[in-house]
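There are 2 protein chains.
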Amino acid sequence: MDTYECIRTRRTTRNYLKKDVLDEVIKKILEAGRLAPSAMNLQPWNFVVVKNKETLKKLGSLCPSGRFIADASFAVCVVTDPSNKWHEIDGARAVQNMALCAWNEGIGTCWVGNIEREKVKELLNIPKKLHVLTVLPFGYAVDMGGPRRKVKKRSEEVIPRKRFREK
Amino acid sequence: MDTYECIRTRRTTRNYLKKDVLDEVIKKILEAGRLAPSAMNLQPWNFVVVKNKETLKKLGSLCPSGRFIADASFAVCVVTDPSNKWHEIDGARAVQNMALCAWNEGIGTCWVGNIEREKVKELLNIPKKLHVLTVLPFGYAVDMGGPRRKVKKRSEEVIPRKRFREK
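Chains L and G are the protein sequences, given in the same order. Here the first sequence stands for residues 1 to 167, numbered as in our numbering. Here the second sequence stands for residues 1 to 167, numbered as in our numbering.
Okay, chain L solo, but in the shape it has when bound:
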């Protein structure tokens, strides 16, 4: 899909079809994350893939805002290194690459941020010194062409013309 179409039609997705995602597609999504830009090219991230259904259920139970992780085809736990001061910003850039790469394949995701982080680290054997930025559940979107559920601010609100005048 054309990149702009992908950006324009992408929707945050919390309902997934019960359909497996091929390993080669998962690999492509991870590759999109790996190729993201980062400050000083430090790439302060690791991507932990979870495909096991039982582990997905456990992950869902550890994410108050992401119970639906349990129903995802797979999930990626995005782990960043807090010793890098841009770790969250760079992690977010990798996440957006993965989200768009997935949508291009008909697969949706959702940034889950409310996480029992220490318990997730324990479950996935993540070193304590690292940070769980987000858990991203992935699965084929039930409705690719659906309307936007949430309203975006109008251009005029986001791109200041009068308020922040260019000198």
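Hints in this document: simulated from the structure, not taken from any laboratory. Among these hints, one or two may not hold up.
The list treats identical chains as interchangeable, and a pair is accepted whether it falls inside one copy or across any two copies.
[Unchecked claim] Heads up, simulated SDA-like pairs for lysine to any residue below, C-alpha to C-alpha not over 20 Å straight-line: (1) K152 - N41; (2) K58 - V158; (3) K153 - N84; (4) K153 - L130; (5) K27 - K153; (6) K150 - W86; (7) K152 - W86; (8) K85 - H131; (9) K152 - R14; (10) K152 - E88; (11) K18 - E105; (12) K28 - E5; (13) K85 - P64; (14) K129 - V158; (15) K28 - K129; (16) K57 - D71; (17) K27 - R161; (18) K28 - M1; (19) K51 - L30; (20) K119 - L35; (21) K28 - D2; (22) K128 - R161.
Assemble the complex: chain L is given as a structure, and chain G must be docked to it using the hints.
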């Protein structure tokens, strides 16, 4: 361009052709930012567009790591709201959308982070309480098909299999 191709071929770009970018293309890039996902859909961002050549020169002089802003066709100052605790993460997602949308049009950019922020706020009439996340210079890329200048970590380093074992 296909989204995955766009992600795969995107390069951080500091050299720009002396070629104007049409307003409709600038608008598309801003639209890509506007449509980015954000925590609780709060969209804690503003995009300040700079097209004036003199202002671009001044901006370049206020960014120690981004002197080349002076030679860009235009720049977008990404302003976020620090009263939102996810403002940097969400701003980064919008930036990645804009960077990919631009690349899809043959236009490159570079996250400039070393900024004399208070002076940039003054120059662009940005309220003091807001945060200048980055200044993004944009311009047609001199070499779209160029090799990657910086090395990416190998998949094995980024996607832990043995180190972070899935339980």
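Hints, verified against the model:
no. : hint        : result
1   : K152 - N41  : between (32 Å within a copy, 8 Å between copies)
2   : K58 - V158  : neither (39 Å within a copy, 23 Å between copies)
3   : K153 - N84  : between (32 Å within a copy, 16 Å between copies)
4   : K153 - L130 : between (35 Å within a copy, 18 Å between copies)
5   : K27 - K153  : between (34 Å within a copy, 15 Å between copies)
6   : K150 - W86  : between (29 Å within a copy, 18 Å between copies)
7   : K152 - W86  : between (27 Å within a copy, 17 Å between copies)
8   : K85 - H131  : both (12 Å within a copy, 16 Å between copies)
9   : K152 - R14  : within (19 Å within a copy, 31 Å between copies)
10  : K152 - E88  : between (23 Å within a copy, 18 Å between copies)
11  : K18 - E105  : within (15 Å within a copy, 36 Å between copies)
12  : K28 - E5    : both (19 Å within a copy, 11 Å between copies)
13  : K85 - P64   : between (27 Å within a copy, 19 Å between copies)
14  : K129 - V158 : between (37 Å within a copy, 16 Å between copies)
15  : K28 - K129  : neither (28 Å within a copy, 40 Å between copies)
16  : K57 - D71   : within (8 Å within a copy, 52 Å between copies)
17  : K27 - R161  : between (42 Å within a copy, 13 Å between copies)
18  : K28 - M1    : both (15 Å within a copy, 16 Å between copies)
19  : K51 - L30   : within (13 Å within a copy, 36 Å between copies)
20  : K119 - L35  : neither (29 Å within a copy, 33 Å between copies)
21  : K28 - D2    : both (17 Å within a copy, 13 Å between copies)
22  : K128 - R161 : between (46 Å within a copy, 17 Å between copies)
Against the hints set out earlier in the document, violations occur for numbers 2, 15, 20.
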